[in-house]
Each structure stands twice: as structure tokens, then as C-alpha cells.
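Chemist: These protein sequences, in sequence, are chains Y and Z.
According to this note's numbering, the residues represented by the first sequence are 24 to 211, in order.
According to this note's numbering, the residues represented by the second sequence are 26 to 180, in order.
Just so you know, the hints here were simulated from the structure itself, not pulled from any lab data.
Hints should not be assumed to be uniformly reliable.
Unchecked claim - Computed footprint of chain Z on chain Y, listed as stretches where at least three residues anywhere in the stretch have a Cβ under 8 Å from a Cβ of chain Z:
id	stretch
1	34 to 43
2	60 to 73
3	151 to 160
4	196 to 203
What the hints assert, rightly or not - Examples of chain Y residues toward chain Z, derived with CB under 7 Å:
id	residue
5	Ile-47
6	Glu-48
7	Gln-51
8	Phe-52
9	Phe-55
10	Arg-56
11	Trp-76
12	Leu-77
13	Leu-80
14	His-108
15	Phe-171
16	Lys-192
17	Met-206
Unchecked claim - Away from chain Y, derived, C-beta distances all over 12 Å, residues of chain Z:
id	residue
18	Ser-28
19	Asp-29
20	Arg-48
21	Trp-53
22	Ala-110
23	Arg-112
24	Val-114
25	Glu-137
26	Trp-158
For each residue, glycine too, the CB sits at the ideal point set by N, CA and C.
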Amino acid sequence: MLEDAQSLARALKRRDPDLLDRLIEQYQFRLFRYLLHLTGNPQSAEDFFQETWLRVLERGHQYDGRWKFEAWLFAIARNLVLDWHRRRKPQSLESLAGPDEDATPFDVADERSESPLEQVLHAEVRTGVQLSLQRVPAIYREVLVLRFQEEMQLDEIAGVTGAPISTVKSRLYRGLDALKSAMQGGAA
Amino acid sequence: MNSDVHERAARLLAERRVLPLAREDEQWLATHLADCADCSAEDVRVAEALSALRAMQISVPRNLAGRTQLRVRLRAEELREHAPANRLVWAVAVMSWIFGLASAPLVWRGFEWLGGELHLPKLVWATGVVLWWAVPALVATGIVLFGHQGRTSAE
Numbered sequence: 024m025l026e027d028a029q030s031l032a033r034a035l036k037r038r039d040p041d042l043l044d045r046l047i048e049q050y051q052f053r054l055f056r057y058l059l060h061l062t063g064n065p066q067s068a069e070d071f072f073q074e075t076w077l078r079v080l081e082r083g084h085q086y087d088g089r090w091k092f093e094a095w096l097f098a099i100a101r102n103l104v105l106d107w108h109r110r111r112k113p114q115s116l117e118s119l120a121g122p123d124e125d126a127t128p129f130d131v132a133d134e135r136s137e138s139p140l141e142q143v144l145h146a147e148v149r150t151g152v153q154l155s156l157q158r159v160p161a162i163y164r165e166v167l168v169l170r171f172q173e174e175m176q177l178d179e180i181a182g183v184t185g186a187p188i189s190t191v192k193s194r195l196y197r198g199l200d201a202l203k204s205a206m207q208g209g210a211a
Numbered sequence: 026m027n028s029d030v031h032e033r034a035a036r037l038l039a040e041r042r043v044l045p046l047a048r049e050d051e052q053w054l055a056t057h058l059a060d061c062a063d064c065s066a067e068d069v070r071v072a073e074a075l076s077a078l079r080a081m082q083i084s085v086p087r088n089l090a091g092r093t094q095l096r097v098r099l100r101a102e103e104l105r106e107h108a109p110a111n112r113l114v115w116a117v118a119v120m121s122w123i124f125g126l127a128s129a130p131l132v133w134r135g136f137e138w139l140g141g142e143l144h145l146p147k148l149v150w151a152t153g154v155v156l157w158w159a160v161p162a163l164v165a166t167g168i169v170l171f172g173h174q175g176r177t178s179a180e
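Excised from the complex, chain Y in its bound form (with noise of 0.2 Å):
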């Protein structure tokens, strides 16, 4: 893994576009994922989306290969939405994206076959864990997603969200605690 950290790091500084291009293609989902997650909002996940790849081309060479490539990706990633939102009226992830009782559930899909009927439950099940989700407040949704969907450790959440872990793993404790609530609130 550190190997091919290295290697990553070294055509990161080259700016080498073909390994760009790959780049972009391997973490399409995720990136945008977590961008839905943090911003709420599909077209601003998209424009951040491709800041960030931006930002990726032009600051390459200071990805030293210590770390994950995604762990440095979405902290840029986060870094990008957090300086938007403070340039527009100064605010932190706690404000950002909130709890918001009228919005939708942003497009759920599912790839694996299963029967109509299993669709059906499943996505039931999705869409009521979605909407809990967005229930809970930022800070702590995007600690629970970076961890439970992913499936970074500790550490890597840490570098990520630029906080120690002592208080990454609080945020999960109170994220599972506050998404065990909006369930049971849902569920009412």
C-alpha cells in the first residue's frame, strides 16, 4: 500500500493526466457521496466535485504518500465546501447542512438483483435510514459516514476532519447515538 502511495505521489507531482483520468473514474462514487453527504445538496456536491479534482491537479505535489490517496482527497474535498460556506457568511460543518424537515431523500439506487419484492423492503429500509441521516447534524453525519460507509479508521477520519481522535470517536459516539434517535423519531 505505502508502495503504491509513493508511486501516486510521485505522478501527482508530474501532474500525470492519464493517471488523473483513472483517479477520477475510481472515486466518482464515493467522492460524490460523501460531497452529497456533507453538502446535502446534488448540484453543489457536483460543482465541489470537480473543484476538487481541480484542486487535486494543482496541489499534487504536496500529497507525500503518508497517507491514504482518500483520505487526502476528501479532506481537500471538505476543506473546499467548509472555505465556500465561510466565504458566503462564516459558519462551521455544525451549521452546515443540518437538520432540515423538508428535505427529500437525494436519489437512492440500488445495482444488486434482487426480487421486486426485496427491492422493494430494501429501499424502504434505505430511504428511512437516508432520511435519518439527514436528521442528524453535519458534524456528526460525516464522521458516521467516513467511518460506517467508507470504512476509514480512526486515524484517517482524524486527518480527514483535522480533529484529534479523542474527538472523532465522541463525534461517532453521539452520531450512532443521535442517528439511534432520528430512527426512532422516523419510526413514530
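Assemble chain Z onto chain Y, guided by the hints.
Modeler: Only chain Z this time, still in chain Y's reference frame:
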């Protein structure tokens, strides 16, 4: 069962999803879950939610990767075009720094002589030396920063 026991179970269940528990905590939790239907159901509900979260798929906008690749390639082209000019700026900066360092004793003596001729206190002509060094660098930095800001806002 008192509520402290359920709170402990809830705390351990959350901790278990983040990090492995100590063996005695794990054993205590297993025993508690076997006895407590509510906590056990709660555990199953959260497990299902997290499993749904993991399996969640979203639709990526049509041709997002293709459009991004195009923008990245165009920007890369732009950066390549600017690269020779940037290299020239760096080369000039390095040359200027070397020349400045080499000529420092002469500049100092020049200002010292001028200060003596004009009967200026040492503080005044020494300030002149500092300004001689600092002003061009500050102007150059300003030009670079304003140029960069202009390019950023134009984008």
C-alpha cells in the same frame, strides 16, 4: 434491572462499533443482551441501520467523471503553458538572491559612506540598507499575490 445497567449497555454498544471492547466488557455486554430484549432489539436496529448505510447507493450525475476529466485536462494544459514563465520568475529570484547576498558588504559600505558624507546618524543609513533590501521584495510579493488573487477571482 435499573436504568444504569441499560445506559452502560448502550454506551458499550456504541463503543463496540468504534473500537473493540475489553474482554470483561464484551462478556458483560453479551450476558446483558441475552437477558434484555430491549437492548438486544436496539442493537439489532442500529446494526441494520449501519448495514443499510453501508449498502446505500446513490446516483452519480450523468457523465460527471467525463466532464471533470475534461476540466482537469484543460486546467493541466493551462498550468503547463504557465510553467515556463513561473520557472523564469524562480530563476530570476534565485539569481537576484545570490547577487544580493554577494553584494551585501558593498551595499553596507556604500550606505555607510553616504551616511558619513551627509552626516546622518547610523540608525538612518542602516534603515536605508534595510529598505534597500526589503522594498523590492515586498513589491514583488505584492505583485505575485495580486496576480494570483486576480486569476482566482477570474476563475
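Chemist: With reference to the structure, classify each hint as holding or not holding.
Modeler: Here's how the hints hold up against the structure:
With 3 residues bearing a CB less than 8 Å from a CB of chain Z, the stretch 34 to 43 of chain Y meets the requirement of three and the coverage assertion stands. With a threshold of 8 Å between beta carbons, the proposed coverage of the stretch 60 to 73 of chain Y by chain Z holds, since 4 of its residues qualify and at least three are required. Under a criterion of three residues with beta carbons nearer than 8 Å to beta carbons of chain Z, the stated coverage of the stretch 151 to 160 of chain Y is upheld, 5 such residues being counted. Note: the stretch 196 to 203 of chain Y has 5 residues with beta-carbon separation from chain Z under 8 Å; the three-residue rule is met and the coverage holds.
The interface hint given for Ile-47 of chain Y holds, since its Cβ lies 5 Å from the closest Cβ of chain Z, which is under the 7 Å cut-off. Here the hint on Glu-48 of chain Y is kept, as its CB sits about 5 Å from the closest CB of chain Z, short of 7 Å. For Gln-51 of chain Y, the interface hint holds, since its Cβ comes within 7 Å of a Cβ in chain Z; the closest pair sits about 5 Å apart. At about 6 Å, the closest approach between the beta carbon of Phe-52 of chain Y and any beta carbon in chain Z falls short of 7 Å, and the interface hint on this residue holds.
Below 7 Å, beta-carbon pairs count as interface contacts, and Phe-55 of chain Y has one with chain Z at about 5 Å; its hint therefore holds. Interface restraint check for Arg-56 of chain Y: the shortest CB-CB distance to chain Z comes to about 5 Å, inside 7 Å, so the restraint holds. Satisfaction of the interface hint for Trp-76 of chain Y is found here, the shortest Cβ-Cβ separation to chain Z being roughly 5 Å, below the 7 Å cut-off. Because the smallest distance between the Cβ of Leu-77 of chain Y and any Cβ of chain Z comes to about 5 Å, under 7 Å, the interface hint for this residue holds.
With a cut of 7 Å, the hint placing Leu-80 of chain Y at the interface with chain Z holds, because the nearest CB-to-CB distance is about 5 Å. Because the beta carbon of His-108 of chain Y sits about 17 Å from the nearest beta carbon in chain Z, more than 7 Å, this interface hint is broken. Proximity of Phe-171 of chain Y to chain Z holds as hinted, the smallest CB-CB distance being about 5 Å (cut-off 7 Å). Given hint, Lys-192 of chain Y at the interface with chain Z, holds; its Cβ is 6 Å from that chain's nearest Cβ, closer than 7 Å.
Because the closest C-beta pair between Met-206 of chain Y and chain Z is about 6 Å apart, less than 7 Å, the hint holds. No Cβ of chain Y comes within 12 Å of the Cβ of Ser-28 of chain Z; the nearest lies about 16 Å off, and the non-interface call holds. With 12 Å as the threshold on Cβ separation, the claim that Asp-29 of chain Z sits away from chain Y holds: the shortest Cβ distance comes to roughly 17 Å. Non-interface call for Arg-48 of chain Z relative to chain Y: holds, since the shortest CB-CB distance, roughly 20 Å, exceeds 12 Å.
At roughly 18 Å from the closest C-beta of chain Y, the C-beta of Trp-53 of chain Z stays outside 12 Å, upholding its exclusion from the interface. The claim that Ala-110 of chain Z is not at the interface with chain Y holds, since no C-beta of that chain comes within 12 Å of its own (minimum 16 Å). Residue placement check: Arg-112 of chain Z keeps its beta carbon more than 12 Å from all beta carbons of chain Y (closest about 15 Å). Distance check for Val-114 of chain Z against chain Y: the nearest CB is about 17 Å away, which clears 12 Å, and the non-interface claim stands.
Separation of Glu-137 of chain Z from chain Y is adequate, the least Cβ-Cβ distance of about 44 Å exceeding the 12 Å criterion. Interface exclusion of Trp-158 of chain Z from chain Y stands, the closest Cβ pair being 30 Å apart, more than 12 Å.
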